[in-house]
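Peer 1: Sequence:
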Amino acid sequence: MNEFAGRNPKQPEDEQEPTVAGQPLVLSMKNRIGSGAFSVVVRHPDDGTVYKLFREREENDLLNDNLGDHEPALRRKAFESEVAAYGIAMNNDAVRSLVPTFHGKVVVDHVLDVYDGDISNLFLLECCYVIDFVEGAAVKFTQELASKHAHLHAATEELNAIGIRYWHDGSVFHPANPELTKIIDFALDDEYGKGIVTIACAD
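1 is the number of the first residue of the sequence shown in the working numbering; add one for each residue after it.
Do not rely on the hints blindly, as some may be mistaken.
[Claimed, not checked] Here are the computed distance ranges between Cβ atoms for each label pair:
{"#": "1", "residue 1": "165", "residue 2": "73", "range": "15 to 23 Å"}
{"#": "2", "residue 1": "177", "residue 2": "34", "range": "18 to 26 Å"}
{"#": "3", "residue 1": "36", "residue 2": "149", "range": "31 to 39 Å"}
{"#": "4", "residue 1": "32", "residue 2": "88", "range": "24 to 32 Å"}
{"#": "5", "residue 1": "132", "residue 2": "165", "range": "38 to 46 Å"}
{"#": "6", "residue 1": "107", "residue 2": "143", "range": "32 to 40 Å"}
[Claimed, not checked] Below 25 Å or equal to it, Euclidean Cα-Cα: the simulated SDA-like pairs (lysine to any residue) are:
{"#": "7", "residue 1": "30", "residue 2": "138"}
{"#": "8", "residue 1": "194", "residue 2": "180"}
{"#": "9", "residue 1": "148", "residue 2": "179"}
{"#": "10", "residue 1": "140", "residue 2": "191"}
{"#": "11", "residue 1": "140", "residue 2": "69"}
{"#": "12", "residue 1": "140", "residue 2": "57"}
{"#": "13", "residue 1": "148", "residue 2": "74"}
{"#": "14", "residue 1": "30", "residue 2": "118"}
{"#": "15", "residue 1": "148", "residue 2": "194"}
{"#": "16", "residue 1": "140", "residue 2": "114"}
{"#": "17", "residue 1": "140", "residue 2": "118"}
{"#": "18", "residue 1": "140", "residue 2": "87"}
{"#": "19", "residue 1": "194", "residue 2": "143"}
{"#": "20", "residue 1": "77", "residue 2": "114"}
{"#": "21", "residue 1": "140", "residue 2": "34"}
{"#": "22", "residue 1": "194", "residue 2": "162"}
Quick caveat, the hints were computed from the structure, so don't treat them as lab data. Model, not experiment: these values are computed from the prediction. We put the CB at the ideal spot given by N, CA and C, even for glycine.
Build the full structure now, drawing on both the sequences and the hints.
Peer 2: Written out as structure tokens, the structure is:
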């Protein structure tokens, strides 16, 4: 399989539906540049765009392992919340320059480990979106950090005003430089956390 052969670049910024490419879209962990409990981040080796692909469950099964079949559904909600937030951000003049360009959602056909073994079953293949790569090291985007920089403080107020309320667990590149600042990992709301509370209350 040709890695990235079927990627669907430069989707409209307001595109909300996954688009299945004409050729298989294969992501390889050889190109992974980051990961978290919810997702892996893979950089395209040619054009530098970044794919954020959500896992079905936490990599080591240590996070909320008692959620069972609820886990994938909660992660899908978290993914949709991030995608919706990017759509709003890209259409807001005050915020657009502070986030990486968003290229929409894609459906991944296969995921390979570093030995080219197929690990697709570990991922929510329809829960993947594409953004531009950002140079540098990201730091946690906290309220304390925002209070130290006028442009970040203004950004938090604008994010809240346009309905992007879950940014304080995100990350920011070049927080001290307004010309280079980029914010990532934000969402409309903490859908995962809200879901856990709902499940706990139901039990």
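Peer 1: If you draw a straight line from the CA of residue 140 to the CA of residue 69, is it 25 Å or shorter?
Peer 2: Between residue 140 and residue 69 the Cα gap is close to 30 Å, so the pair fails against 25 Å, i.e. violated.
Peer 1: At the C-beta level, are residue 32 and residue 88 separated by a distance inside 24 to 32 Å?
Peer 2: holds, 28 Å
Peer 1: Does residue 191 sit within 25 Å of residue 140, going by the straight-line distance between their CA atoms?
Peer 2: Roughly 19 Å separates the two Cα atoms, so the pair holds.
Peer 1: Within a Cα-Cα threshold of 25 Å, do residue 194 and residue 180 meet the stated pairing?
Peer 2: violated, 33 Å
Peer 1: Holds or violated: residue 194 and residue 162, Cα atoms, limit 25 Å.
Peer 2: Status holds; Cα separation ~20 Å.
Peer 1: Between the alpha carbons of residue 148 and residue 194, is the straight-line distance 25 Å or under?
Peer 2: violated, 29 Å
Peer 1: Given the proposed pairing of residue 140 with residue 57, does the C-alpha separation stay at or below 25 Å?
Peer 2: The hint holds at about 23 Å.
Peer 1: What's the verdict on residue 148 and residue 179, does the C-alpha distance respect the 25 Å limit or exceed it?
Peer 2: Satisfied, since the Cα-Cα distance of roughly 16 Å is no more than 25 Å.
Peer 1: What's the verdict on residue 140 and residue 118, does the C-alpha distance respect the 25 Å limit or exceed it?
Peer 2: violated, 32 Å
Peer 1: Straight-line Cα separation of residue 140 and residue 34 no greater than 25 Å?
Peer 2: holds, 14 Å
Peer 1: Does the Cβ pair residue 36, residue 149 satisfy 31 to 39 Å?
Peer 2: violated, 24 Å
Peer 1: Cβ-Cβ distance between residue 165 and residue 73: within 15 to 23 Å?
Peer 2: About 21 Å separates the Cβ atoms of residue 165 and residue 73, which means 15 to 23 Å holds.
Hint check: violations occur at hints 3, 5, 8, 11, 13, 15, 16, 17 and 20; the rest are consistent with the structure.
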